[in-house]
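Colleague: Single-letter residue listing:
2 protein chains.
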Amino acid sequence: MDRKAIAILGGTGDQGLGLALRFAKAGRPVVIGSRKADRAVTAAEKVRETISGADVSGFENAEATQKAPVVIISVPFEHTAGTVKAIRDVLAPPQIVVSMGVPLATAIGDGPMRMIGVWQGSCAELVAGLVPDGVQVVSAFQNVSAHRLQELDEAVECDVIISRPKEARGAVMELCALVPGLRAVNGGPLGNARIVEGMTALLVGLNVRYKVPEGLGLRITGLP
Amino acid sequence: MDRKAIAILGGTGDQGLGLALRFAKAGRPVVIGSRKADRAVTAAEKVRETISGADVSGFENAEATQKAPVVIISVPFEHTAGTVKAIRDVLAPPQIVVSMGVPLATAIGDGPMRMIGVWQGSCAELVAGLVPDGVQVVSAFQNVSAHRLQELDEAVECDVIISRPKEARGAVMELCALVPGLRAVNGGPLGNARIVEGMTALLVGLNVRYKVPEGLGLRITGLP
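Heads up: the protein sequence lines correspond to chains Z and R, in order. In case it helps, my numbering puts the first sequence at residues 34 to 257. In case it helps, my numbering puts the second sequence at residues 34 to 257.
Okay, chain Z solo, but in the shape it has when bound:
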């Protein structure tokens, strides 16, 4: 396992691919995971074509999971539980799982400006309930626009509100530092993901009302 590698499950989707491009551009090895290995391989090729010299590979999710100390779950919310169940046997401490999912109501055929209630409180807490003991789950990246991630020549003007556990937070803050314009903000306990995930639904609505299809972001003001 390459200690610098970052696995992105669902790295074939818009937001996951955006992160893959950014991390690869910053010189980090990226492992793209997908339910189907061939889709992951194709996405990895796409990244290598865009960024010459990029160290990016593609694998089926469980195989990708075994190749990185940090595993980002970037699948549609309705596939989150299934994806985590499919990789839990190969997950082990000190690996860190990053939840970036949001329980948007698209999961039940309603719109992306609304959310569904999750028994555990948030996508991140649902994920935390499924990983093996000792594997830490951090919530991050929900509010970052997929489109702006893929505009590689521009900074992504957005704060990333990270909900910890404390020990794992640093590793994810460091990932934010790889992407120009992203700023890591210490969002407190994992339960706060309930709020941060909701902010994605609010931003989706703002994107529509203000006609900004490339996606808005947010900043906390007054931070020292």
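Just so you know, the hints here were simulated from the structure itself, not pulled from any lab data. Beta carbons are placed, not taken as given, at the ideal position from N, Cα and C, and that holds for glycine. Among these hints, one or two may not hold up.
Unchecked claim - Derived DSS-like pairs: lysine-lysine, alpha-carbon spacing no greater than 30 Å straight-line: (1) Z:LYS244 - R:LYS199; (2) R:LYS244 - Z:LYS199; (3) R:LYS58 - R:LYS79.
To be verified - Now the in silico label distances, taken between C-beta atoms and shown as ranges: (4) Z:LEU211 - R:LEU185: 38 to 48 Å; (5) R:GLU187 - Z:ALA70: 54 to 64 Å; (6) Z:ASP166 - R:ILE141: 28 to 38 Å.
Got chain Z; can you put chain R on it based on the hints?
Modeller: Using the frame of chain Z, we list chain R on its own:
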């Protein structure tokens, strides 16, 4: 009723008083309401001492309500339903009620970084369920720091995410324009107050973690 007047129920509290100071400074007549008339009168005097020539008066809540087309509810969450019930008989269209409350867990003796679940979904929706037919409820100002409102020489760097009804939103956007640094953002349907209210709990936590007792704010980035 003075068409320019703004009633602030709970205008004796930090955030309500902050708004009273700002609106008075901008030259608008302000009517402070409280459960006890004498407390409202004292708060009004305080504003007049700070801002010479300010048109500010104090009354018991129901009397204050009758004196303005816009009535801001700025009482602690646990007093919200009681306050609205106490004024509903004197509320009538086209008056607008502004909900700025947040169901923080302080209402049940837990901390201000957490929320309690409200059957209606949010404080704003609870208020909307209690006002007479035709009175419109708008959600706004939750995330604005009381301390920064009271620092009259400085701009309050914060977006105000306003959840409508559409027809009433304009009146509240106009109130934001009275306070330097506040920017009104169209936050969509009233149900989105669930998210915006949650953001207050998140900001309270950030204030503590980042040691910014004067309060942080937030901005949506990328708006046209």
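Colleague: Run every hint past the structure and note whether it holds.
Modeller: Status of each hint after checking the structure:
1. Between LYS244 (chain Z) and LYS199 (chain R), the direct Cα distance comes to roughly 17 Å. Compliance with the 30 Å bound is thereby established for this hinted pair.
2. Of the supplied pair hints, the one linking LYS244 (chain R) and LYS199 (chain Z) holds, its CA atoms being roughly 17 Å apart against a limit of 30 Å.
3. Between LYS58 (chain R) and LYS79 (chain R) the CA atoms are separated by roughly 13 Å; this keeps the pair inside 30 Å, and the hint holds.
4. Evaluation of the 38 to 48 Å hint for LEU211 (chain Z) and LEU185 (chain R) yields a pass: the beta carbon distance comes to about 42 Å.
5. Restraint check, GLU187 (chain R) to ALA70 (chain Z): a C-beta distance of roughly 57 Å satisfies the suggested window 54 to 64 Å.
6. As the Cβ distance of ASP166 (chain Z) to ILE141 (chain R) is approximately 32 Å, the hint placing it in 28 to 38 Å holds.
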